[in-house]
Every structure is written in C-alpha cells, then in structure tokens.
Amino acid sequence: MSSKAVIQKKICMLGGFAVGKTSLVKRFVSGQFSEKYHTTIGVKIDQKTQCVDDTEMLLVLWDVYGEDDFQKVRASYLHGSAGYLLVVDGTRKETLDIARQLHTLAVQSMGAVPYVLVINKHDLRESWQVDPKMYEDLASNACLVLQSSAKTGEGVESAFNELAKQLLKA
Amino acid sequence: MAPPSRPSLPNSPSEISLEDSKGFSYLRRLLLQPEQTELERLKGRLEDFTLQPHDVSRVLPDAIRLRAQQDSRLLTSMIPITQEALSLSIKQSPQLISDSIAPILGPAIRKAIARAMRGMVQSLNQTLEYSMSWKGLQWRWEAFRTGKSFAEVVLLHTLRFRVEQVFLIHKKTGLLLNHVVAEGISGQGEEVISGMLTAIQDFVRDSFGQKQDDGLESLRIGDLTVWIEQGSGAILAGVIRGAPPIELREVFQETLETIHAQFSELLQVFKGDVGAFEETRLPLEDCLQAQFEKKSKGFPLAFWILLGLLILGLGIWVFQARSDQKQWAQLLERIGQEPGLVVTSIQEEGPPTIFYGLRDPLATDPEQILSEFGYSSKQAVFHLKPFMDLTPEFVEKRAYAVLQPPSSADFRWQATHLSVGGHAPHAWITQANLLGPLLPGVMSFETNGMFGTEDLERFDTLRARLERLSVNFLVGGSALTKGEKTIISKVSEILESFDKQALLLGLNPQVQVLGFTDPRGSRDANLELSTARAKNVVQALPTNSFRALKVEAIGKGVTRSAEIEGLPIGGRRAVFRVVRPQGNLLESHK
Chain Z
194 MSSKAVIQKK ICMLGGFAVG KTSLVKRFVS GQFSEKYHTT IGVKIDQKTQ
244 CVDDTEMLLV LWDVYGEDDF QKVRASYLHG SAGYLLVVDG TRKETLDIAR
294 QLHTLAVQSM GAVPYVLVIN KHDLRESWQV DPKMYEDLAS NACLVLQSSA
344 KTGEGVESAF NELAKQLLKA
Chain A
12 MAPPSRPSLP NSPSEISLED SKGFSYLRRL LLQPEQTELE RLKGRLEDFT
62 LQPHDVSRVL PDAIRLRAQQ DSRLLTSMIP ITQEALSLSI KQSPQLISDS
112 IAPILGPAIR KAIARAMRGM VQSLNQTLEY SMSWKGLQWR WEAFRTGKSF
162 AEVVLLHTLR FRVEQVFLIH KKTGLLLNHV VAEGISGQGE EVISGMLTAI
212 QDFVRDSFGQ KQDDGLESLR IGDLTVWIEQ GSGAILAGVI RGAPPIELRE
262 VFQETLETIH AQFSELLQVF KGDVGAFEET RLPLEDCLQA QFEKKSKGFP
312 LAFWILLGLL ILGLGIWVFQ ARSDQKQWAQ LLERIGQEPG LVVTSIQEEG
362 PPTIFYGLRD PLATDPEQIL SEFGYSSKQA VFHLKPFMDL TPEFVEKRAY
412 AVLQPPSSAD FRWQATHLSV GGHAPHAWIT QANLLGPLLP GVMSFETNGM
462 FGTEDLERFD TLRARLERLS VNFLVGGSAL TKGEKTIISK VSEILESFDK
512 QALLLGLNPQ VQVLGFTDPR GSRDANLELS TARAKNVVQA LPTNSFRALK
562 VEAIGKGVTR SAEIEGLPIG GRRAVFRVVR PQGNLLESHK
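Protein chains in written order, with my numbering: chain Z, 194 to 363; chain A, 12 to 601.
Keep in mind the hints are simulated off the structure, nothing from the lab. On a predicted model such as this, the values are computed, not experimentally measured, just so you know. Heads up, the beta-carbon is just placed ideally off N, CA and C, and yes, glycines get one too. Wrong hints could be hidden among the right ones.
Quick list of simulated restraints, FRET-style, between CB atoms [stated by the list, open to error]: (1) N334(Z) <-> S160(A): 53 to 63 Å; (2) K102(A) <-> S227(Z): 48 to 58 Å; (3) D284(A) <-> D324(Z): 53 to 63 Å.
Pairs of lysine to any residue residues, derived as SDA-like cross-links and limited to a Cα-Cα distance of at most 20 Å, are as follows [claimed, not checked]: (4) K362(Z) <-> L85(A); (5) K241(Z) <-> D284(A); (6) K362(Z) <-> G200(A); (7) K286(Z) <-> A332(Z); (8) K183(A) <-> K344(Z); (9) K282(A) <-> V306(Z); (10) K362(Z) <-> T87(A); (11) K241(Z) <-> G200(A); (12) K183(A) <-> L361(Z); (13) K265(Z) <-> V300(Z).
The following block holds chain A by itself, in its conformation from the complex (with noise of 0.2 Å):
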C-alpha cells in the first residue's frame, strides 16, 4: 500500500511551487500576526525616526538630572543659552525681573549696608576717641615711627578681637570656595593658604590616626589664632587677632551650617566650579566681627576740653540767643511806642520780620529806626500805607510843616486852638490866616496878637531917626533960635509919623525931652535952664495931636558924663529919648 500523500518539504527554495508559497504565508500569517503587526508598526517608527514632544517630555527631567551628575558639559552648554535667555527677558520685561529679585536684593542691600556703617562707625569711634588723649598723641607718634596709619595704630591698641579673614575650603580637594576679609586687610595667595590648611589638617590626622571628620580646631602663630570648624562637605577657617570669645565658634559653626543646608549638592558634586559659591559670600562676612576695649578710666581731656569749649559756645549763644531777643523785644516796643507808626500785624515767617500797618509822612523813618537797633532790611521790611494822625504832637508838627513860620512867630495851643504871636511879615500872615484854619485838627486858628514885622521896622527906625536929633541953644538962653526951628519942624513930622505908628501897634510911647547947659554958671542956675530949654522944645512940638504918644520936658542940668549916648560934654541942648517901650522893638520880639 503507498503511503499517505503529503506535502513534501522542498529540496531547495526554488524549488518551492507557487501554491506551496501561499501556503507558507497563510501559515506566518496564522501563527505570527500579532508580533508581525507589532514589527511593522516598530520598523514604521524606525523608518520614520522623529521625536514626538510627547515622548521628550516624559524622559526630559530624569535625562537632564542623569546628565548632570555625570558631568558639567550639559551645563556649560546651557549658559550662553540661560545668558541670552536672561538677557532678552530683562531688556523685554525689566519689571517682572525686578519684582522677582527684589526680596532678595532688599534685604541684601539692607545688610551689606549695616555691615558697612557698623565698620565705620566702629572705625570712627576709635580714632576720634583717641585722637586727642596723652595716649593718642603717643600712638600718633607710634604711626609716625611705623609708617602705619593713625587708624590702625588704635586698631591694634584696642582691639580685643577681630576675624580678619575667613576661609570657605572644600573639605575633599582643600580648594577654596570663598574667602572674605575685614576692611583694611589685603588677602594674598588664599588658594595655597587653603590647601595648606588643608594639608596640615591631612597630615595632623594621618599622624595622629585620627577618625577622617576629626581635623584641627585651632592654630595659634603669634597674636593671631585659626580657628578651624569641620563640616561634611566644607571647611571653615577663620584668621582671628587678639583673643576670641569662645561665642565666636558659635558664629562659625552656625555660619557653616547654614552653607551645608544650602549648598549640600553642590558640595558633593562640586568639580572645581567655585562661581557656585558666590553666594556664600554673606554669611561668611556675617563672621567677620570684632570687638574692641572699652575705656574704662573716666573720660579723656580731649573730650572735657570739648565738652568746655561746647559748653561756652552753648553760653555764648544762649548769650547772644537772649540779647538779641531782648533787642528785637525793644525794637518792637520803640516801633509800637513811635507816634505817627500804627503796626496791625506782624509775620515772623521771615526772615525778613514784615510789619504791616499806617504811618503818617510826618513820622520818623522805620529804617532809622531799625539801623538805630543795629537791623537792616535784611531782618526786617516795612509795608506801610500813608495816614493821618491827629494827636496835638502830629497836628503842631503838620502845622509847622505847612505854615512854615518865621523864627519870631510864636505859637500857643490850648487844646485844638492855635494862636499865633510874635511878629511875621505881613504876607505870611495873610498866608497863615487863610491856611490856618484848614489844618487837620486845628479847631480855631487867629494871629490876632502878631506884629507885622514891618511896623516893627519902621517903629525902630523912627525912633532911631528921633534920637539922633538935637536943638542947639546960645549962651545962657532957652529960647528956640530961628535956625533950630528947622529942627524943631523934622522932630515934629518924626513924632507924627511915631505916633500913627505907635497907635498901629497899639504902643504908648513915652518921650523924653532933655535939656542940658554948658558947666558955666551954678548949678541951681544950670538946671533951671536946662529945664527951660527942655520945656521951650516941647511947647514947640504938636503934642495936642499926638494920640498915643506921651512927651515930658526934663531938665538935666550939666551933662556929666556920657549920660547920654553920643553927646559930648558940656552941650547946650535938648535931645530925644523913647524911654518906653525900652530898646529895639524887632529885637524884643524875637
């Protein structure tokens, strides 16, 4: 019997018949489909190789973390991107940038300012205090000597402590990551001081089979001491003069925790990119302290020379404060006082001090009043407006102002009454009556009791006219001679025109004749003559028509002496004397 036919496996590929081929791919299909779908779709990926934002998303942060621990390259090649990046958001957005790093700019700021005014007020107070004591003179000549600044001298001499340097190391490499310095200090070569420190800590440890967090804690090289604080990650040393309070390795310790808190990443991965650090800088300056002495021994003779020298200028202007008060005081009660000068008010804002208020024109000048008290214009100015005042002393001052009189008239006040004596010429009286009356306060004016000073003359002259004259008589005789007639004739027209002046002036002269004899003959005889004489002129003159004037005949005898002005001895005549009212009438009146 032939066995069961089946299908022959092929020889060879070519040898495999068409219909064997569909076979064969019915059968892959059937039993590989599914890793057959997956495989296209894999290869359709492959083919079409382009990264969907979706896929980068899911890997980008772990990638980015797994790439930069194993090394900076994806950082360095980020930070021209982050520059550019910042750069262009700053210059697009400065406010959102200001507004993200102003808390902590502000109290940045803040701080490094105190920090700074506390160092120089420090600095100040030392040098000041100092600067003027026996012991400062000393330390003067101390800097003097050295070479080194007066500041500093008083540093070293005062100082109890002070931290001047501060060293940041990184524990594993001893590089250094930060290093701050006091003011005044100058660092030098603090990268290889970092790695010494950290060699010496090296070999201090390795000699001594010291546990790896074990180190140094302190070195001490002259006045200075290092004082060393270990941390997992970083060292801190910090370079003291003088001699420290055990506080201070609080500080450090306290600092350096603070760094490890902050920066314990990178201080693991840390490959020698000490920029990272800068940041560090703040709190290592907080370590940077110092303390200085405090004097004790009462205060120096700078400061009671000072202290005197304030005290006198105190006085001196407490002094000058009060006399000044007590001036500008007077001042304003001499110009509330002043007649003619009404202040309303006063602003003080100044200076200059303004017043406000009247003045009449007839008052005195507030300038000159101010530069009688020793002010200008500068401490005060006056804005007056004109009036008029009606006191008795401002209505005679505006009298006299405007009626201008002559020195011989005189004025008399009874309250609001001005009369006018004395003598004036007659036009300023028509003047004075028309404007008399119209002065601002004067109720009644009349020059009723005045003279013209014109009668006066002529009055004067008359009589000096009358005086000069005398009736000559012959030997013996008594009788007028024909030539004396003239005489007699000139006296008469004299004493008309006297007596109409006289009755003018509402005067009563009274007029002497006086008769005189030669020495020859008695006396008894003399004076009867002379008497004659005297009497002879008077019947002679028309004293009938004389209204005011009154004429006596007197007898004289011998003239003595120069009993009469300008007559010689001996004369036989008869003169003329006014004997009432005495002397010049102008004159009188003055």
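Bound-form chain Z, shown alone (with noise of 0.2 Å):
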C-alpha cells in the first residue's frame, strides 16, 4: 500500500447539483479551481492525505453526483461513509431543501455521523439569497457551519480540516 497514513476515512460530498461539490474536492486536493462546469455522473472518488493532531488520516472523498430532479442520490454511495460535507449554494436558496432531504437520506443510511454544512460560492455575496436563519435546523447538529468559495479557497481547507478532527475523534 502506498499510501503512509495507517487511519482511512471515507467522506461524502452531498449537496445539490451545481453547488460546487466537484471544485470544492478540486481545490482541497489540488489546489486548483475551474470555472468551467462539469456535471458529475456517479460518483468520483479522490483522496488526499491530511495531518490532524499529529495523525496522518487519509480521506477518501466520495463525490456523488448532485441531486436533482432527474437523478436522486443511491443510498448504497453513502454507506461506510464516516462523515459528510452537506454543501449549499448561497446563491441559490433552493439548494438548502437539497440539502435537507439529503442530510435526511444521511442519516437513514449512515447514522448520526459528523457533518460540516459548508454554504458555497462565498465569493458572489452580493447575489447571495441565504441567510443563517434559513438554515438554522441544518446548522443545529452540524459540527461545524462555514461559508466557503471554491473559487478563493476560503473555507476550504478548514471544512474538511474539522470534518477530519471530528472523526478522529468519533
């Protein structure tokens, strides 16, 4: 095996379609951003190894397609899943009802695991349609609520920094 870190942990990206799940993978393991679109079918799997309190973790990162109304998420991608990041796009407030529905598929299928709400697409705040209110009911059990941008970085590699700490812990 190649890979040094002994501790392995899946991760799913779930969220609507288009709502940067696919760049904020991008960025976080390569550092680099696209404004090109690209839908993802099925599920892409990357990984990257992360540092946390001294353990080197590696997080496999499942990201499974966005939802919409032609294709509804399997189950079966979630399974195994340690943790998740429930992404919303800021911009477009229907995304938050994705995302609720698919944190309810979440929980049917992985259990109360740990989940970072990431709101996305920070850096287009003036068209932003969100606000923390609209969200408090996903915000409660998450253990970590941030706003991000794919496109800067920010947010980026503190949501899946928490996420790993969180299931370090677990």
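Bring the two chains, given one by one in their own frames, into a single complex with the hints.
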C-alpha cells in the first residue's frame, strides 16, 4: 500500500447539482479551480492525506453527483461513510431544501455521523439568497457551519480539516 | 371520665422533649437497625473511596471489552504503553521475544524467500530462453523501439496470465484494507481504485435491483481482467493480465475465506484503521500467481549452439584431462625407472604432489625431469634423501667422478673388477691406485696395463731424435770416416737410451739402418755399396748391449724418390728408421 496513513476515512460530498462539490474537492485535493462546469455522473473518488493532531489520515472523498429532479442520490454510495460535507449554494436558496433531503437520507443510511455544513460560493456575496436563519435546523447538529468559496479557497481547508478532526474523535 | 393519657405528638421539633427524643431514637433503632448498618457501611465506602484491586479485577475484562466496542480511545491510549512495555521487554529479555516469534517468523521468511526465488527463477528462465533465438532478436528490437526492458517484452509475449495486483477492500466503506502488486508492477491510486470498484458495484447492484450479497464478478478492460470475490466483510479484487484459468477463482475464494476467518471481528468493527490488516499481505501475495507459455517447437538455435559449445568444451576438457593424465603417468614411469632415484611414497593430496624417497647425488636432477615433461614445482616437489646406488652404472659413474681419469686412460670393467688401460701421468696412476680400491662397489682395481704418459713421450722423443740423424760417406766408399764416427757415437747413445725406454715400456722395437748411394755407377754396384754402408754402420753400433732393440742393415741403392722423408735424392749416407712399433706412441695410445 502506498499511503503512509493507517487511518482511512470515507467522506461523502452531498448537495444539489452545481453547488460546487466537485470544485471544493478539486480545490482541497489539488489547490485548483476551474470556471468550467462539469456535471458529475455517478460518483468520482479522490483522496488526500491530512495531518490532524499529529495523526496522518487518508481521506477518501466520494464526490457524489448532485441531486436534481432527474437523478436521486443512491443511498448505497453513502454506506460506510464516516462523515460528510453538506454543500449549499448561497446564491440559490432552493439548494437548502435539497440539502435537507440529502441530510435525511444520510442520517437514514449512515446514522448520526459528523457533518459540516458548507454555504458555498461566498465570492458571489452580492447575489446571496440565504441567511443563517434559513438554515438553523441544518446548522444545529452540524459540527461546523461555514461559508466557503472554491474559487478563492476561503473556508475549504477549514471545512475538511474540522470534519477530519471530528472523525478522529469519533 | 378523662381520656387515657398517651404521648401527644409534638407540634414542632422544638417542642420535642429529651425523653421523647430518647424514645424516638430507640424506636428508630428498633425499626431501621439493619438498614442503618448497611447505610453506614456504604457511607464509609463512599467517604473512603479507594478502589480495591479485588474489585477492579472482577470488572476489568468486561470493562475493556465494552470500551473497545464503543470507540478506539482505549486502544489509542494503550498504544504508547504497549510499545514501551514491548520495547523494554525486548531490551531485558530478547531471547524470550525471539523464542516467541520464531514459530511465526520462520515460516513467513521461508515463504517470502521461496516466493521471491520462484519469481526470479521464472523471470530468468524466460529471458534466457528467448535471449538468443530469432524470436528473441525480434523482441529485442521491439524492446529497443518501445523503450521497454527486454525482460518486460519477453514477459508480455509469453504470458498466459499473471495476477498483477490484488486489492482487499472493506465492503461497507469501500476503503482499501491492503493491496499487493507483482514484481515490476507499480501501483497507483489504489485507494481511489478501491473506492471506484465499490461504487461501480453499488451502482450495478442498485441498477439491477440485486441483493446486497450479489455483485460484479468480473470486469474486462483490454487485456486486463478484474476478478472480484465477495465476502461478508471484505471484497477481494485481482487484476489479471491474460487469460486466467478458472482454478484461480478458487485461490481467490480460499484467500478471502482465510482472511474472513482470521479478521472477521476486525472487519465488523473497522473504523478506518487499516494498519490492523497488514498481516493479510502474505495470503494476498499467494494470489499473485502467473503462468507462462511453454515452448513446444523443439529447442532454440541458441540451445544447440550452447550444447555444441558445451560438448566441444567437454571434449577439449576430456582430451586435455586424458593427455594430462597420460603425461603424468609417463612422468611417474620415468621417475620410477630413473637410475639412482628411488620413490618410496607419493602424497597426491596437492597440488603440489609430493614425492618422498632416495636419490644418489650422481642421479639426474628430478627438477630437470619435471621440466622435460612440462611440469614445475607448483605441480610436484621432491623430498629426497641422499643414498649410494651400487648398480654397475653408478659404480662406474662414481669411479669416473672420483678418479677423473684423463682421456687417454681406458676403463675396462668385468663385473665388479675395474682395470685401467691406456696411459696417464704417473701422478694420476699413483693417485688412482690409492683411491680405486676404496670405491664402493669396486671389488678389485688395477692399472697394470697402463703406460706412464711421460714414458711414452720420452720414447717418441728419442725416436724422433734418432730419425733426424744420418751418417755420410765418401764417393764410392763404405768405410766410416773419422768425422762421421762422432755421429755414430751420438746414435749409439740415443739407441742405448731408446733400448732402456723400450725395456721399460715392454716393447721390442725394430730399427732399420738404411744405406744409400749416389746415382753414379751400376744398379747392382750401388745396391752392394749401399748394403756395405748400412752394415758398416750397424757394426759400429753397440748392438750386443741392446736387450730390447733389434737393429738390421738394409741397402737401398740409389734413392729414387722421396722414399725417406726429408732426404734429398742421391745422397751417400745411411739413415735410421724405427719400423716397429710404427708411428707415434702417444698418438697411438689415445
């Protein structure tokens, strides 16, 4: 085995379509961002070694396709996940509803595992449609709520790092 | 009538009298004595809360088990303690640890070495087999063209199947538990592959509504096949190049079963700690099998060339060995037959071979024999002690070596009897007579037949002096003139010495006195005159006193030619010639 880390964790990226899950993963794993939009079909898997409290962890990131009217997220992809990032597009308040549905699905298939609520696209603050009151219910159980931007990198590292920390504790 | 008196209940605690209080205490003791005792015991324990080892020992095993089921914090906190304890234990009693792990380590090492050797030998066989053939040359060109190694190209062309990678995947999370690769294959992103394989399985299963235990069994991508075996807690996926035999499935299944049997508990509680599955490496490596095509069409050209070279080499070697053997045998025979050399034992453990024995100092040097046969002291050495060889050959050699005779001396052997003939200086003869009888192996020695060289020289000198003299006569006369009588007395003196010398040498020389005339007158008259002249000379000599010499007078008439060396034709004279023994004695005795 190539990885030096002996602790591995499966993390799912959950959220509606085009909320920026793939971009967040790309920014986190390779530090890059692309304006081009690619819809994810099925699931895309990436990995990154993260050092948390002197412990090396290998995060295996399951970038699950964004849920919309045409394709529903399959619960089987969520099985065995140690935690997840629930991603909301701050410029589209309807993605909050999808996030709620996915959160319910996640709890059903994984149980109450740690998750981080990420309100993405903070670089487009002027066209923001959501405010904290609107996602109080989702935030109440989240181990961290933060605003992020895959484009500028804001909050990306913190989101994954906090989740990794929680997973190490669990 | 007044109601009976009874203790009235106090209205407030302050109203309780001392008497009431005693009664109450009594009543309380009466009613609650056992409970109170128990309460006081419990109170005592709570106030003095120190855990007793006995209490801990009762709950410890269950406590550990329960805690380990909850999370991994107990395990995490025990890691440093266990590591330190183990480290200390190894330092203090390494033998104990060594003995404990030996039963596991030995078979594991043997297995790993056997696997590595098998792979290496197989790869070497393949490469060697094809390295010299026509096909091999084509492949070499291909390797050059594509930048691959020759061994890799051979492998690709001769491979029937080869398991290149094996993944052990946790079924529930899709996380990679362990991963092994065949030699020369480099794994890349195996964690991602592991996740994708799981995702694909989930997708297929969901799409076709299959049960959880069902799943993909194989995938095919070009020349690669991925065989997947499902277990309750883990999945085994093997990436195979070529066409695998069905028996390989059984190998995969057995491996997965073995892993489940050994790790079922860990698989159930798996929370991402893949280190615990490192021990699955050996069974997984057993799945890295391979099979190559066997060559059926005879042997390659290289084989025949190599075989030919081998036979040729063997032939040369055998020939060389045989001729070496023959040469050695000849050397041994020669040494065995060499006079003056006796080999008593041979030590052949060498090189060098050591010869022990005896050697007469006059025998041939054994080193010289060695070099004659092309050997040196690296191959053979001689440890020989000196001795004296009494065979006739060595007795004679020794006689020559000791006596050092001049070339004129003649050794004559009759068995062990040595007589010396010829001539030698008197001093040598004297020395030889002293040493000769002492020579080992010589029973008798004599020099009676020898002449002293000095005696022969004197004989020859006298003879030469005599033959240089001549007596001259007057014309027609045969009488000795007065002047010639001086010559006669000189001749007489020489002849007397000559006679003595002849006597000494045991000779009877014959001396002729030859008379000559000048050409005038008749032949008969001249013959008569010459005879008269010779006779007159002889008569003038003291012949009666000679004991060995015999002197005769001969008339020769006119000297016709150079009949007598040194004489002019027609001389009126008489000369002296020694006719017996003929010639120079020294020369004739050489």
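Consistency of the hints with the structure:
{"no.": "1", "hint": "N334(Z) <-> S160(A): 53 to 63 Å", "in the structure": "57 Å, holds"}
{"no.": "2", "hint": "K102(A) <-> S227(Z): 48 to 58 Å", "in the structure": "56 Å, holds"}
{"no.": "3", "hint": "D284(A) <-> D324(Z): 53 to 63 Å", "in the structure": "41 Å, violated"}
{"no.": "4", "hint": "K362(Z) <-> L85(A)", "in the structure": "12 Å, holds"}
{"no.": "5", "hint": "K241(Z) <-> D284(A)", "in the structure": "16 Å, holds"}
{"no.": "6", "hint": "K362(Z) <-> G200(A)", "in the structure": "27 Å, violated"}
{"no.": "7", "hint": "K286(Z) <-> A332(Z)", "in the structure": "15 Å, holds"}
{"no.": "8", "hint": "K183(A) <-> K344(Z)", "in the structure": "33 Å, violated"}
{"no.": "9", "hint": "K282(A) <-> V306(Z)", "in the structure": "12 Å, holds"}
{"no.": "10", "hint": "K362(Z) <-> T87(A)", "in the structure": "11 Å, holds"}
{"no.": "11", "hint": "K241(Z) <-> G200(A)", "in the structure": "11 Å, holds"}
{"no.": "12", "hint": "K183(A) <-> L361(Z)", "in the structure": "19 Å, holds"}
{"no.": "13", "hint": "K265(Z) <-> V300(Z)", "in the structure": "16 Å, holds"}
Checked against the numbered hints above, the structure violates hints 3, 6 and 8; every other hint is satisfied.
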